[in-house]
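Fit chain to chain and form the complex, with the hints in mind.
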Amino acid sequence: MNLGVLLVDDEPLIRSGLRAIINAEPDLAVIGEAEDGAAVTPLVRRLRPDVVLMDVRMPVVDGIEATRRLLTNVDDPPRVLVLTTFENDDYVFDALRAGASGFLLKRARPDEVVRAIRLLAAGDSLLFPTAIRELAARHSPAEAPAGGLDAAGLTDREADVLRLIAQGLSNAEIAAQLVVSHETVKTHVARILTKLDARDRTQAVIRAYETGFITAGDA
Amino acid sequence: MPRARELLAIPASSTTWQRYAYLVIGAALVPPYGTLAGFVAPSLAGGIGEAAAWGLAVVVCGVALPIATGMLPAVRDLEIGAARRLLGVEVGELGTPHGQPSWPTRWRSAAWFVAHLVVGGVIGSLTVVLPPAVVSACFAPFESGDVQLGRLDATVPGGPGSAWIVPVALLSPLALVYVAAAAGVLLARLAPHLLGPSPAERLAAVQRDAMRLAERNRLARELHDSVGHALSIVTVQAGAAARVLDDDPIFAREALTNIETSARNGLRDLDHVLGLLRDDAPARAPTPTLTDLQRLVDSTRTAGIDVTAELTGRIDDVPQAVSREAYRIVQESLTNAARHAGRAPVSLSLNIGADELKLELTNPLDASHARGPGGGRGLNGIHERVASLRGHVSAGPDAGRWRVAVRLPLHPTP
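One line per chain: the protein sequences are U and Z, in this order. Just so we're aligned, residue -17 is where the first sequence starts under the working numbering, counting upward by one. Just so we're aligned, residue 673 is where the second sequence starts under the working numbering, counting upward by one.
A couple of the hints might just be wrong.
[Stated by the list, open to error] Computed beta-carbon distance windows for the label pairs:
#1 Asp881/Z to Glu94/U: 39 to 47 Å
#2 Tyr73/U to Asp919/Z: 30 to 38 Å
#3 Arg28/U to His1064/Z: 30 to 38 Å
#4 Pro921/Z to Thr54/U: 39 to 47 Å
#5 His1064/Z to Thr137/U: 47 to 55 Å
#6 Asp58/U to Arg967/Z: 27 to 35 Å
[Said to hold, decoys possible] Coverage of chain Z stretches by chain U, computed from C-beta distances (three or more under 8 Å per stretch; other residues unrestricted):
#7 898 to 907
#8 960 to 966
[Stated by the list, open to error] Here are some, though not all, of the chain U residues that point toward chain Z, as calculated from beta-carbon distances under 8 Å:
#9 Leu(-5)
#10 Leu0
#11 Ala2
#12 Ala6
#13 Pro8
#14 Val42
#15 Thr67
#16 Phe68
#17 Lys88
#18 Arg89
#19 Pro92
No lab work stands behind these hints, which were simulated from the structure alone. Beta carbons: idealized from backbone N, C-alpha and C, even for Gly.
Chain Z extracted, bound-state conformation (with noise of 0.2 Å):
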């Protein structure tokens, strides 16, 4: 039960207000299927008959309309919007704007759309009605005869003897507003299960959020492992070059280089890393995936580095999921190409089966492009990516050159 203080200040509360313009706004959207009934009625009941053409009128414009309305995506996203900003529902208990609906979703918007209209059109006409009433029952003492409550269709005795209802006229507004505030706390309380999402639309914001999830612990890992990798090095070194500073400034200043190519390369994978997590941004353009390959080389090229890209099968056979998964592999392992061999060419074969997607990428291992700090730890990345999807994953060097073949297979296996 509500205490005494929080009933008191119901009315100075600012959610009372805004729920109440919320239903206001219902309220408003009425007139429009009214009218309609309007028209449509007399030009029916010329065929069936006044009171007949009215029912259906009413049936038409005043329930299979709206209801129609509410089912639209347009009117359901403005509904959520209207719900959190005005109602003061938990984005989390709304569903996700912007989204085909389902049917039953749809059916859920329609009926939260009726009860706005219905809930929305009570209070809203009391609102209409009651001022010029409490105005006439105020001078209802000073009258003789019966006084008539604003435009109601109802009347009050005049005379002294009504005085008792001019307190009670002045105080209706004060109840219609706690009855505005219960009709607001109603459709507060109904708006999660209308407005909410689905169990499907659940599921994918959940299955969504882990893939986020997961996605910035790698990230986050990999940040971890390239900059610690860096800063050891930088420690090694600058620790070595203080000792033989005297005896050998040679590798002193060689020391120096290390430190400060190890540190720019830690300071680049930062920048890499917080970018990548920046972006993540939820209105971020949906993830690539192998059909984006092309683009994907392109740019490779464009950064200086020739690849040499062979497909095999049809992209299009490939599951979204292991699509997803196969592209980032392939921009992993260009992007460690391009750290540990420099400019080497590297070439990428794309082999998409029946069962198996198979994805090679080699690159020469050239003594002149010594790796730099961070061999191996790319890797990581593309392990993880692999193990998820039970493939294989194999990086070594090869006959001279570096290659990384990867297997995954398309459909799950039980």
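Chain U extracted, bound-state conformation (with noise of 0.2 Å):
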């Protein structure tokens, strides 16, 4: 069955490009369009898409917004690809605690475009580039929970595997990579979850970046 996709972008142009790029996709298809984010949360629950592919800035509910209410409001949401036309934007990072699970570039490469696209949809994966530590350094001071990750009580195990998943993993790599069983990472994740009080795995890695947990050389 082919990936249904949802374009949000208020610019019509970013649009059509990006439709003709996902269309010449075997597995890949543009099932519905929004230029505003107000739009996202109907759209979502009618069309059904694996994946949104969501603007940041918009004139009337901006990427964040449209985020946040996407994944409070939809049961069983799609996951949301965050798209940017600068790296250091700090409402990236504002999207990504809102639950995004991945962030591109508009000037990525088509194929790198496709291949988030797909690897978003397959599984659990994030998809995190390295400007976000940046974003995640300058935001940190003044909304690092106190004690940082030290102060959650993460089991050793437990720290391996946000690092994984901090790395883009999805459970079942990770169970591969740590020897373990996809029921274990499960297991493990849940704990992360509810001793970082994250609602996601997006969260959680948004707050091992903010305390320090996870650095440049880690990831």
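See below:
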């Protein structure tokens, strides 16, 4: 079955370009488009896309708010891939905090775009580029939880799992790498989310970046 | 303490001689006052006696008049220019010429002018009398009887016993150079205090710098946004065209047109902002305010956009800062309208109330004028301007029209 993609961008030319790139792939299809964040939740309910490509800056409802609404109001929501013009865009960080699973520059090469869509649609991987670390570092002092991640009391194994999540590995890949069962990884992930008070993997990773638990050398 | 080498370098330094020139200029300014005193005193002498007449003439012509001269703004400008050029005082340490100086500043200028005259007068006089005195002193060992030193009212005894006078006399011009250099240093140290900007001028300069910097940052961000946006479109469209070239040549052709348009728009924005940055030279015309609104509307009409403008209230009641920003907001809104709605008519209404300025700009959201690249981005500048004045802005579609509504408080709220 084809993977369905919803394009959300206020610029028609970005949409038409991405549509052509995505539709040129045999296994991907653009099943809907929106030019503002306000339209996202109803469209997702109606079209059930696998991945939403979401622009950050839009005139009425921006990508951050649209992501937040989507993930709180829709059951079993699609993965959100945030699109942006600039790497060092503080809004991107906010969008990831809102629960987006990945982040891609509009200048990404066409094969990077389609690979990212397939990666996110395939499972629970995250797609964070290097720049997110700088963004996280910039945001960390005021917003990091007191005491850093030490206070969360992660076990060594949970810390390993968190590092692998941050590297973008899916549960299956983590299981393979740590030579444990898929179920064990899922248990670890659930405990990590509880201990970090994170809603999803993205939030857990952001918290790891913010607290300096994961630094440039790790991921 | 200056080191020996630095002391030895003083007579060879161009700074020394430039400062010397500055001192001599000061000396050259003295004679007019002296001459005037010479004219005035005899005419007063009949009434109040010779001594009193000269005393009065010296006080008036030698003290009061130079002080009055020093208070003239033009003299202050000249002194600042000369101090920069000849004393080598840093530009930032001196005030800005071409302003109406305040009274405390005028008094400081007057003090400077008098100091220039006095110190310059002393050095200048020494410069004039020393060479003949040196020449006479050099002949002293060969003369019998007392020798007058040039035109000075001083003598040295003649004869071989006065041989020591020759080296002393020959070294004295050098000593004068050192004295002049010391006087130059003194004036250079004094200049920032007497010719420097007043606290108010400093504050104004800092505010001007801050405004210019903020404006430049805003322009840089605008440029970053608009060019980044255009290049993103170019990248995405080109990537797509390459992918579908064989399967969908029609799309590929459209993509090439889009690439061309976006690149052109990006270049135009680049040109526009770089033009603004170039215009940002210090000598630029005063920042436009709402009083220049009519000209802006006229020039927009000339560009082919039908603008209906409606004004209620008195523009004169709007504080300068608000007026300046409001003008810019109108300017940016008109630019945005032209960019996104093409030549669609724009209606502008400006309402100046007792506490608030309301600005509304609408243009039709016509489907035939598809929004060009850059949607919503020109609004960033408006948002920032409004935020800096604690106003409100709303922008968006409203009953088939694009509407930008701005409210700015006319008086700062605590």
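> Okay, the segment 898 to 907 of chain Z and chain U, do three or more residues pass the C-beta test at under 8 Å?
Replying inline: This one holds; 6 residues, not fewer than the three required, reach chain U with a Cβ under 8 Å.
> For the pair Arg28/U and His1064/Z, does the Cβ-Cβ distance stay inside 30 to 38 Å?
Replying inline: 35 Å, holds
> Do the numbers back the hint for Lys88/U, that is, is its least Cβ distance to chain Z under 8 Å?
Replying inline: 4 Å, holds
> At the C-beta level, are Asp58/U and Arg967/Z separated by a distance inside 27 to 35 Å?
Replying inline: 59 Å, violated
>> Within 39 to 47 Å: is that where the Cβ-Cβ distance between Asp881/Z and Glu94/U falls?
In response: 44 Å, holds
> For the segment 960 to 966 of chain Z, do at least 3 residues have a Cβ located nearer than 8 Å to some Cβ of chain U?
Replying inline: Violated - the segment 960 to 966 of chain Z has 0 residues with a Cβ nearer than 8 Å to chain U, which falls short of three.
> When you take the CB atoms of Tyr73/U and Asp919/Z, is the distance between them in 30 to 38 Å?
Replying inline: With Cβ atoms ~35 Å apart, the hint holds.
> Against chain Z, is Pro8/U within 8 Å by beta-carbon distance?
Replying inline: 12 Å, violated
> Honestly, do Pro921/Z and Thr54/U meet the 39 to 47 Å range at C-beta?
Replying inline: 44 Å, holds
>> Hint Ala6/U vs chain Z: min CB-CB distance below 8 Å?
In response: Since chain Z brings a Cβ to about 5 Å from Ala6/U, closer than 8 Å, the hint holds.
>> Holds or violated: the hint that Arg89/U contacts chain Z, with Cβ atoms closer than 8 Å.
In response: 5 Å, holds
>> Just to be careful: measuring from the Cβ of Pro92/U to every Cβ in chain Z, is the smallest value less than 8 Å?
In response: This interface hint holds because 4 Å falls under the 8 Å limit.
In the structure shown, a violation is registered for the earlier hints numbered 6, 8 and 13, in ascending order.
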